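Protein chains in written order, with this note's numbering: chain A, 51 to 210; chain B, 52 to 811; chain C, 15 to 302.
Think of the hints as simulated: they come from the structure by calculation, not from any bench. No experiment lies behind these values; they were computed from the predicted model shown. There are no misleading hints in this set.
Cβ-to-Cβ under 8 Å is the rule here; a few derived chain A residues that face chain B:
#	residue
1	Lys-89
2	Phe-143
3	Cys-151
4	Gly-152
Computed list of lysine-lysine pairs in DSS-like fashion (alpha-carbon distance at most 25 Å, straight line):
#	chain 1	residue 1	chain 2	residue 2
5	A	Lys-168	C	Lys-66
6	C	Lys-100	A	Lys-168
7	B	Lys-726	C	Lys-268
8	B	Lys-500	C	Lys-293
9	C	Lys-281	B	Lys-809
10	C	Lys-66	A	Lys-53
If you want the footprint, here are the derived chain C segments under chain A, 3+ residues with CB under 8 Å:
#	stretch
11	19-30
12	35-47
13	53-62
14	194-204
Glycine included, every Cβ here is placed at the ideal spot set by N, Cα and C.
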Amino acid sequence: MAKIQVQTTINGETFDYLCDGQQSLLSVLRDELGLTGTKEGCSTGDCGACSITLDGQLVPSCLVLAAEAQGREIGTVEGVSSATGLHPIQQKFLEHAALQCGVCTPGLIVATRALLLKNPNPTEAEARYYLAGNLCRCTGYDKIIKAVLDAAASMRGESA
Amino acid sequence: MSNQNGSGSDRKFKVVGTRPIRHDGLDKVTGRANYGADLALPGMLQGAILRSPHAHARIKKLDVSKALAMPGVKAIVTSADFPEIGSGGMAAGESHIDPKDLQANIMARGKVLYHGHAVAAVAASTIEQAREACKMITVDYEVLKPVMTLAQALAKDAPILHEGRKAVGVPPLPEGDTNIMMRLANAKGDVDAAFKGADVVVEGWYEASMAHQGYIEPHATVVTTRENGQAEIWCSTQGPFAVKSMVAVTLQMDPNLIRVTPSEIGGGFGGKTTIYLEPVAVLLSRKARRPVKMVMSREEVFRATGPTSGTRIWAKLGVKKDGSFVAADTRMEFEAGGFAGSPMGAASMTLYAAYNIPNFRFEGLDIVVNRPKVAAYRAPGAPNAAYALETAIDELAQKLAIDPIDLRLKNAVKEGDVASYGPKYDRIGFIECLQAAKNHPQYKAPLGKNQGRGVGAGFWFNVGLQSSATVSINDDGSAVVRTGNPDIGGSRASMAITVAEELGIPVERVRPLVGDTDTVGYCDLTGGSRVTYATGMAVIEASKNVIEHLRARAATIWGCEVDAVEWRDGQAVGTNGASNNKPLSLADIAKQMAHTGGPIIASASVNPPAAGPGFGVHLCDIEVDPETGRSTVLRYLVVQDAGKAVHPSYVEGQFQGGAAQGIGWALWEEYLFDKDGKMENPGFLDYRMPVASDLPMIDTVVVEVPNPLHPYGVRGVGETPIVPPLATVGNAVSRAIGVRMHQLPMTPPRVLDAIETKKG
Amino acid sequence: MESVRYEAPNNVEAAVRLLAGENGAKVLSGGTDLIVQMRLMNRVPTVFVDVKRIPRLSALALDAKGLRSGAAVPAATLYGNETIRKLWPGLAEATDLIGSSQIQGRATWAGNLCNASPAADSVPALIACGATVVIAGPKGERRVPVEQVNVGPGKTSLAPGEFIVEFEIPAPAAHSSDAYQRLIPRSEMDIAVVGAAVALTLDAGGVVKAARVVLGAVAPTAILVPDAAAALVGSKCEDAALERAGQAATAAAKPIDDRRGTVAYRKKIAAVLTRRVAKIAYDRARAR
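Just chain A, same shape as in the assembly:
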């Protein structure tokens, strides 16, 4: 069976790859393109570790077929920081000690970025519900939610 040829944009850069019809975008990102910042925790869309954006929409990359990405814009954790430094969300995660083992962190950073684009001033409850699909087993979420709310304030230009 012939492979499917796909051209897509990842973090602003054009990529070409070949994939199988049933192959997930997560598998292509990690195994074919070496973008291992996106993590695999369950493969069933229940843990959020593989969160990416697809045309700006937050999605679990384990439940996106690689073939679907043709002509789309993908955003992964590798594209969150810039040449000028860390994104405020990343900086606040560090300052608030919002990670322990760190394996859920890339998914949380990508999801938080999607949240704050939609809702720059979330309440604690809104942040908790929006991020309910990002499992963290280490922190009890306390410091994560504080980091998210502080990042939001910082991005709005308010000092927390």
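We have chain A; now place chains B and C onto it with these hints.
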């Protein structure tokens, strides 16, 4: 969050107790950090495991010939490829492992003992090919009746998991074939007489479900083998040296041939202190002469890696009217899974450890069932034991109409008391924790309708064990510290803080590294709440040894005796006769290393026999929907004695994370099996771990009663936080609904049943 | 494993041809059930027919007659639409309950409906709102009320080659509103143990003129409960009327025991949720 200082160490710290950004953080927020599944090697094959579809069966025939002929298949391994080994004991952190069982858990030999038990493994060019080939392996099973519950395992006519194996431990032991693998028992005083003299006695059965550690990163390994027999193992583990010795024993290899490099670890909580994939990958790699990668699916993690024991514990506790405990009696039944080795021993150590009980007795049974073999999970066994005892204490408080914290204060252990498990307590902080909880605003916050407040306490002994560390100085005056403990939650930062404190340099000038088994000295595993305590002590010693070098170098530069040089605030300072010299900073000395004797490097190793126990007190406020039985956690507080918090943010993080796991275990998490013994919920959808919207902020109070065994007063903090929540949450629910709950998890149907039973 | 083909037609006719051409063809919109089932249950299609590149399936049109929504519009977009949230608050909240934020970036009403789980959150709410689906197939297009699509767990009334193109939801009448709630052990990420949707239309005096009560997860499909609706009609959703509606819900519920709930528990909760949801819908309708 707040800190409460006990009296004690008056050392003024400069770096210890601050909250620097962790050194490995940048790579973890940008996706650069490499976890178990992130490594790829040229020519690497993918491995997959065929797992048993039965909970209990004999393997009559296993035929891999069709699978071997499948496209892309390079190697197949079954139990026939593993050397036959005898029984015996090997230490594995907090528990002991029988190598024969360890091997048989990794690859079933003769019999499968749980649904998901590995029976064969395939390496192929792609993972799809490996999985397809697994389907072509034919296994002829003689299906046996599964033993799924403790009651089934103890029944007179119970099917026997391990025929011919005798129970060990304290007599009386069962005669003949049994599913009881071990019996422990101990007693003090005249328990029966003491109960007769008690004013109030409560007793009951308390049940907790089997629960999984739930780390987000599945087990993963990449193995390369060489023609000379060497094996290079990359894996996600809490203990690279433990992996080395366990692989050596299961494959009967010379350990010298094995090098283990720990990846970043995506959570472990005890579950990554043992091995599953590594020896299989070694055998596949040897046969295929290629590197082999193996990564578990989430379903495999649930079905085949270590949960912790489900338990049934009968407890009886008697008090005088004034609240003083007079007697306790307990029978603990622990599910071990398919092989012997539940944490019942640790449970029996911790059971009565927090209180002075003049007369006590316990019996503990390690019982095999056709469920996955349990592995360590954060303070293994202690949460189950505390669930029974701390619930009984809450019942007594209600019956006596005594404040539940006051009742605990009346009986709490303090310095000089003899612990129920033997040793005499040195300085400990249980009373300080109870008082801090009592004085916390949450304890006075008004409760509304259908709301209840639970109190619970917990104890964990913590461990010391062996650690080594090496500190080296760069020529710019910065430092590198190397240890062998995978950083599971911020320990690199603690190690760097320790070096910075000792050498008197900024923490950013210290680079903390985690080495592989060939590049660092031996370290026991990351577990037992031991890393900041024991490995931290090795780092202190190594830093002190570096300071000796620095003083000698300053003496050389100044042409004076070493005795005339002191190391003070990060500088060599001259005294008696050398005091005219301008102090030399670390950077000044480092710059001249080449001319004063060469590179500066020092190592140290420690093996502390004890660690200084940790105590915690939790408060939980809960609201129960009386029409549905659904619980909502409103407020939660963790108070714990940390001795001295090296990095307070990560101490609080341990408190909060442990509490969250305990809340999940109390309210939602459980292993569900169908009648054939097949796990029904092997995924995050139905194995319900807490999500962000399930929890409130988890408030913390870090009590600091210095541990006399550690130079800074540090106590391990990782495990104690999961000990109190089961009872704390249970007591909150019970008080909210006015009915005593005896079974976890307290799912909505169970709670609604209790409410309706009360209504009659 | 044979490699699965992937096709992304840009018009309905081409999609019908692909779907009618082979038994193993599967419609891919969000994939949140389809891809999981492929992985966990080994249900591997021969070809994925990705319908998201058909413009009509991603269109959203709102006018005085109501809503016309393409079948591939993801939950996040539907819930993110302020007008939908205002006109059908219950449907919006049900839509917002389908999985996590990530899942909502993919999941669709059509997928939720065609997966045919009795516990789907959006289905009771769609039925309560009187939604209709437009189905395309080899014989052309037909319109079917949502309640006629599911015929059992995992089973739909769609013929081979057919797929859902659009949802049509009539604009609510004056003094109308709806509500949806489900019971789950946690606060998020669970499958409904019981779900209940109620849509009500009141007269100017606040008396219920028309009601639709729908339960999820208590029968092989989501079920309309006419007796519960009848108990509400003519009332102002006073306690007695709510109590009768709840009893009717319990009576209509024919649940099973499974890992998520027992028969007895589900029957009780059906009443609790029916009462609560009816009251919310009533208060919303009064405020209109």
